[in-house]
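A.B. asks: Taken in order, these protein sequences are the chains called A and B. Residues in the first sequence are numbered from 1 upward in steps of one, following the working numbering. Residues in the second sequence are numbered from 240 upward in steps of one, following the working numbering.
It is possible that some hints are incorrect.
Simulated crosslink set (DSS-like; lysine-lysine; CA at most 25 Å straight-line) [to be verified]: (1) B/Lys276 x B/Lys296; (2) B/Lys245 x B/Lys291; (3) B/Lys245 x A/Lys161; (4) B/Lys281 x B/Lys292; (5) B/Lys276 x A/Lys111; (6) B/Lys245 x B/Lys296; (7) A/Lys111 x B/Lys245; (8) A/Lys195 x A/Lys75; (9) B/Lys292 x B/Lys245; (10) A/Lys75 x B/Lys296; (11) B/Lys292 x B/Lys276; (12) B/Lys296 x B/Lys281; (13) A/Lys111 x B/Lys263; (14) A/Lys195 x A/Lys161; (15) B/Lys276 x B/Lys291.
Just so you know, these hints were derived from the structure itself, not from any lab.
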Amino acid sequence: MRVAVIRFPGSNCDLDMMAALKTIKGIEPDLVWHEDAALGRGGYGAVILPGGFAFADRLRAGAIAANSPAMAGVKRLADRGVPVLGVCNGFQILVESGLLPGALLRNSTLKFVCKWTHVRVENTRTPFTSGLSEGQVLSMPIAHGEGRFFLPHAELAELEKNGQVAFRYCDSSGRTTPGSNPTGTLHNIAGVCNKAGNVVGLMPHPERAAEALLSPLGHPDGALVLSSLLVRSGGRRRA
Amino acid sequence: MVISNKPGVREPEGETILHDLVAKSGFEQVESIRAGKYLRVKVVAPDPASAKKLVEKMCNELRIFNPAAHSCEVSIGRVPGQ
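The shape of chain B in the complex, shown without the other chains:
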């Protein structure tokens, strides 16, 4: 899960990385950087679709993200070797 500020909500950490590190170091092609929070969740589920559904339900019910300011993207993959 990647939780990040919605478009239009300023994100000062990414701005600082952009202005004070990246842009000063010759990477002028980089236009924007947004920092966020990353959670890797291991789920036991019969198939990827139901795993995704479960995680989305958890995010919404427990307010893992604050819908006033954040968006939450859930992407899914298999645990290597299982």
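Next up, chain A with everything else stripped away, as it sits in the complex:
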């Protein structure tokens, strides 16, 4: 499967994402510049928006990148059901472009939080969780200042009802406690998906946890998120 990794001015996890994807047999990643509305050589089976500080977070994290020419191409693919993943700043861009609901506000601590976290898989119907099991606890790091997911009360209830929460921060045994919520994010939300399930955003960095050597626990959990792309829901490997 060919995967486009969109590079914005200020992306800084693009090469880590490329390196992580290259470790997965069956995935062939390409870097695509954000001004390229046609998205490189085309024919991508998935798109990933990596982390960083696109346009230096000016106006608001993700707000300017959401209007980049490549995002028009990403929207076209998303509408056709192509898997799209936004990590950290990529998640912020998806929210600001309207591909995902809600807002990512400043962490309640006002601090940039850089630490390893545990997240619990909440739904396995997305192309980035199809290789995981519900309730599975993954270890991945976060590094952001604006990751407090917010939606007004009624819309949040709707999001929960639709099963659009993909990942929640938890402790090592999978309990979603206030102490395991690093940013004040509502309902411990670390990642969400759109209604169709093909567009996913998450704050933790799978590419920084894609090899055992990178993880303090020695678990390459991030690779499980990325390699889910090759697994159809139901556990069968995609052709």
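Fit chain B to the supplied structure of chain A, relying on the hints for placement.
C.D. replies: Leaving out everything else, chain B in the frame of chain A:
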């Protein structure tokens, strides 16, 4: 334009200014502080009403604010000396 979190959306910067500076410095009458973002936009328009309309259209179309969490107040005045 003033972009701020909607009522009910916590705003930690204003809370910190209130709790860690203002309230500790003898200004107990101050009940709440909300920080936000301020953009001053210079527009060429025939009259104030159409200038306001243009800025509001720009805010909505380009998502200068995120309607899930923010409100955006547009107020209008003349550029001094023009």
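A.B. asks: Starting from the hint list further up, note which numbers the structure goes against and sort them upward.
C.D. replies: none
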